[in-house]
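The residues making up each chain are set out below.
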Amino acid sequence: MPALEYSPLVESHFTHPVGAGSWPAGQGEIAVGEAGHEAEGVRVRFEVSVRDGAVTEVRFQAFGCPHTIAAASWLAEHLKGRPLDRAMPVPILELGGILEVPTEKRGRLLVVEDALHAALAQAQKRQV
Amino acid sequence: MSRPCVYMDNAATTPVDPLVAAAMMQCLTADGCFANPSSTGHAPGNAARARVEKARAQVAKLIGAEPSAIVWTSGATESNNLAIFGVAHAQGERGRHIVTSRTEHKAVLDPCKQLEKEGFEVTYLKPGADGIVAVEAVAAALRKDTLLVSLMHANNEIGVVQDVGAIGKLCRDRGVLLHVDAAQSAGKVPVHVGEQCIDLLSLTAHKIYGPKGIGALYVRRQPRPLMLPMIFGGGQEWGLRSGTLPTHQIVGMGVAYEIAARDLESDARRLTGLRKRLWAGLEQLGAVHLNGHPERRVAGVLNVSFEGVEGESLLYSLPGLAVSTGSACTSASQEASYVLRALGRSDQLAQSSLRFSLGRFSTEADVDYAIGAVTEAVRRLRGLAPAAAG
Numbered sequence: 176m177p178a179l180e181y182s183p184l185v186e187s188h189f190t191h192p193v194g195a196g197s198w199p200a201g202q203g204e205i206a207v208g209e210a211g212h213e214a215e216g217v218r219v220r221f222e223v224s225v226r227d228g229a230v231t232e233v234r235f236q237a238f239g240c241p242h243t244i245a246a247a248s249w250l251a252e253h254l255k256g257r258p259l260d261r262a263m264p265v266p267i268l269e270l271g272g273i274l275e276v277p278t279e280k281r282g283r284l285l286v287v288e289d290a291l292h293a294a295l296a297q298a299q300k301r302q303v
Numbered sequence: 529m530s531r532p533c534v535y536m537d538n539a540a541t542t543p544v545d546p547l548v549a550a551a552m553m554q555c556l557t558a559d560g561c562f563a564n565p566s567s568t569g570h571a572p573g574n575a576a577r578a579r580v581e582k583a584r585a586q587v588a589k590l591i592g593a594e595p596s597a598i599v600w601t602s603g604a605t606e607s608n609n610l611a612i613f614g615v616a617h618a619q620g621e622r623g624r625h626i627v628t629s630r631t632e633h634k635a636v637l638d639p640c641k642q643l644e645k646e647g648f649e650v651t652y653l654k655p656g657a658d659g660i661v662a663v664e665a666v667a668a669a670l671r672k673d674t675l676l677v678s679l680m681h682a683n684n685e686i687g688v689v690q691d692v693g694a695i696g697k698l699c700r701d702r703g704v705l706l707h708v709d710a711a712q713s714a715g716k717v718p719v720h721v722g723e724q725c726i727d728l729l730s731l732t733a734h735k736i737y738g739p740k741g742i743g744a745l746y747v748r749r750q751p752r753p754l755m756l757p758m759i760f761g762g763g764q765e766w767g768l769r770s771g772t773l774p775t776h777q778i779v780g781m782g783v784a785y786e787i788a789a790r791d792l793e794s795d796a797r798r799l800t801g802l803r804k805r806l807w808a809g810l811e812q813l814g815a816v817h818l819n820g821h822p823e824r825r826v827a828g829v830l831n832v833s834f835e836g837v838e839g840e841s842l843l844y845s846l847p848g849l850a851v852s853t854g855s856a857c858t859s860a861s862q863e864a865s866y867v868l869r870a871l872g873r874s875d876q877l878a879q880s881s882l883r884f885s886l887g888r889f890s891t892e893a894d895v896d897y898a899i900g901a902v903t904e905a906v907r908r909l910r911g912l913a914p915a916a917a918g
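Chains as they are written, first to last, in our numbering: chain D, 176 to 303; chain B, 529 to 918.
Keep in mind that a hint or two might mislead.
[Said to hold, decoys possible] Here are some of the chain B residues that sit facing chain D, going by a computed Cβ distance under 7 angstroms: (1) Ser841; (2) Gln876; (3) Ala913.
[What the hints assert, rightly or not] Ranges between beta-carbon positions, derived for each pair: (4) Lys740/B <-> His212/D: 34 to 42 angstroms; (5) His212/D <-> Lys654/B: 52 to 60 angstroms; (6) Glu904/B <-> Pro266/D: 31 to 39 angstroms.
It should be emphasised that the hints constitute simulated quantities derived from the structure, not laboratory data. We put the beta carbon where it would ideally sit given N, CA and C, even for glycine.
Make the full structure from the sequences, and use the hints.
In structure tokens, the structure reads:
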């Protein structure tokens with residue numbers, strides 16, 4: 176098995192994830208999105224809180240490798256305060272570069288993106 | 529991290545015993561037995577030859593063999609290759625069917641796959657959920673043209689021990705050669721090639737506190753199976769394995785096997801106690817699964833799957849613990865352990881497994897540290913994960 180190597184940013188987000196967890200049920204208007212499956216090694220769930228067309232807070236839960244957890248954490252940190260219609264701070268594959276995710280593992284980032292998009296889509300639907 | 533890494537990967541390799549290292553050092557420099565053991569025309573060569581033959585006897589004794597049945601190789605991978613290709617290429621006219629199991633080491637599976645490309649047929653037996661290959665399944669797989677059965681004694685991932693004695697008697701009755709990969713069992717559970725009717729047995733040094741890069745193949749003497757070598761040259765080892773004999777490596781293997789023979793019972797008793805302590809501690813987590821038969825196993829190996837955690841993250845969460853994981857975590861598709869999959873474990877459980885392999889230098893404090901570290905990591909990762917999907 177190749178050595179487990181992670182960038183300092185991945186290590187930081189894995190060790191001290193931002194926005195890990197979920198809000199208790201009935202906690203206002205929370206949009207939820209999920210993607211992936213444990214059998215595939217990745218499952219991610221985002222909860223997005225929105226006020227006045229902007230993301231106020233993001234929480235996530237993730238089953239996956241350290242890169243997956245770090246990506247979800249990074250997004251939870253950087254989505255805060257962004258307008259809902261331009262919530263993604265960077266294209267997901269660009270995030271792969273920021274976190275130095277190996278090319279062969281970047282498919283997992285698409286699952287993270289799918290989960291986030293699902294949550295954002297639900298939030299946007301509620302805004303209309 | 530101030531605490532040194534707790535080593536629990538002895539099934540991968542072991543540290544060289546200081547007594548082994550000291551013996552090896554005597555065979556390297558000008559004041560020691562450095563000479564070529566094939567140079568028997570002078571005293572230094574004869575001295576080296578004597579050390580080689582002493583080691584041959586030490587290795588043979590552990591498995592109940594005659595010393596002249598031991599062929600030195602570079603390790604168990606080469607021994608497995610030599611056994612399988614050696615027999616198949618020499619006796620292919622007699623039969624072109626081979627029986628093995630799905631949970632063999634790659635050093636057996638890959639030679640078998642190569643032989644399939646060469647026109648041989650291979651039956652890959654499926655073990656039970658406990659990892660045991662049923663003797664009846666082997667019996668049912670044997671055909672008139674079966675040339676060889678190749679089964680491992682102890683599995684490298686889950687540690688279960690096959691009933692090679694019963695399989696050996698079956699093969700002997702049916703006139704089929706039995707090759708056993710004993711890389712993970714020699715020195716840990718009793719092996720007796722005569723009583724167990726084994727024709728070919730692969731051995732290695734580095735799993736039992738000997739050096740890496742040296743192994744042996746036991747080849748039954750009476751009658752000796754017809755085999756073709758894979759390495760040609762100086763004709764060493766009765767022509768089966770040419771190449772200058774590495775005296776220091778061989779001497780190291782010999783001493784390691786002598787110590788293993790002496791300590792087999794006491795090591796097994798102590799390691800069984802440590803393994804049970806480890807399992808009792810991990811079991812407290814809940815939603816954990818012991819992989820492999822609970823009793824029929826080598827003393828030091830414990831393989832556990834954890835529900836609700838991903839294997840790579842689990843391993844990354846344990847920087848102070850050297851263990852192996854069931855995942856091959858570089859691919860996007862998550863290759864889970866083929867051994868655990870063959871036992872019927874789900875992809876998730878196969879991928880989230882850890883193999884703890886205790887050894888001669890493992891302590892109760894190591895076990896308690898492992899229980900604490902794994903408990904903390906699993907609880908944290910389960911807390912990060914969404915509720916399981918239906």
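For this session: Would you settle whether the hint for Gln876/B is holds or violated, based on the nearest Cβ-Cβ distance to chain D being less than 7 angstroms?
Result: 5 angstroms, holds
Exercise. Measuring from beta carbon to beta carbon, are His212/D and Lys654/B in 52 to 60 angstroms?
Worked result: 26 angstroms, violated
Exercise. Regarding Glu904/B and Pro266/D, is the given constraint of 31 to 39 angstroms on their beta-carbon distance met?
Worked result: Cβ of Glu904/B to Cβ of Pro266/D: about 36 angstroms, so the range 31 to 39 angstroms holds.
Exercise. Would you say the C-beta atoms of Lys740/B and His212/D sit inside 34 to 42 angstroms of each other?
Worked result: 40 angstroms, holds
Problem set entry | Agreement of hint Ser841/B with chain D interface, Cβ distance less than 7 angstroms | 5 angstroms, holds
Exercise. Minimum Cβ distance from Ala913/B to chain D below 7 angstroms?
Worked result: Constraint on Ala913/B satisfied, holds at 4 angstroms.
Against the hints set out earlier in the document, a violation occurs for number 5 only.
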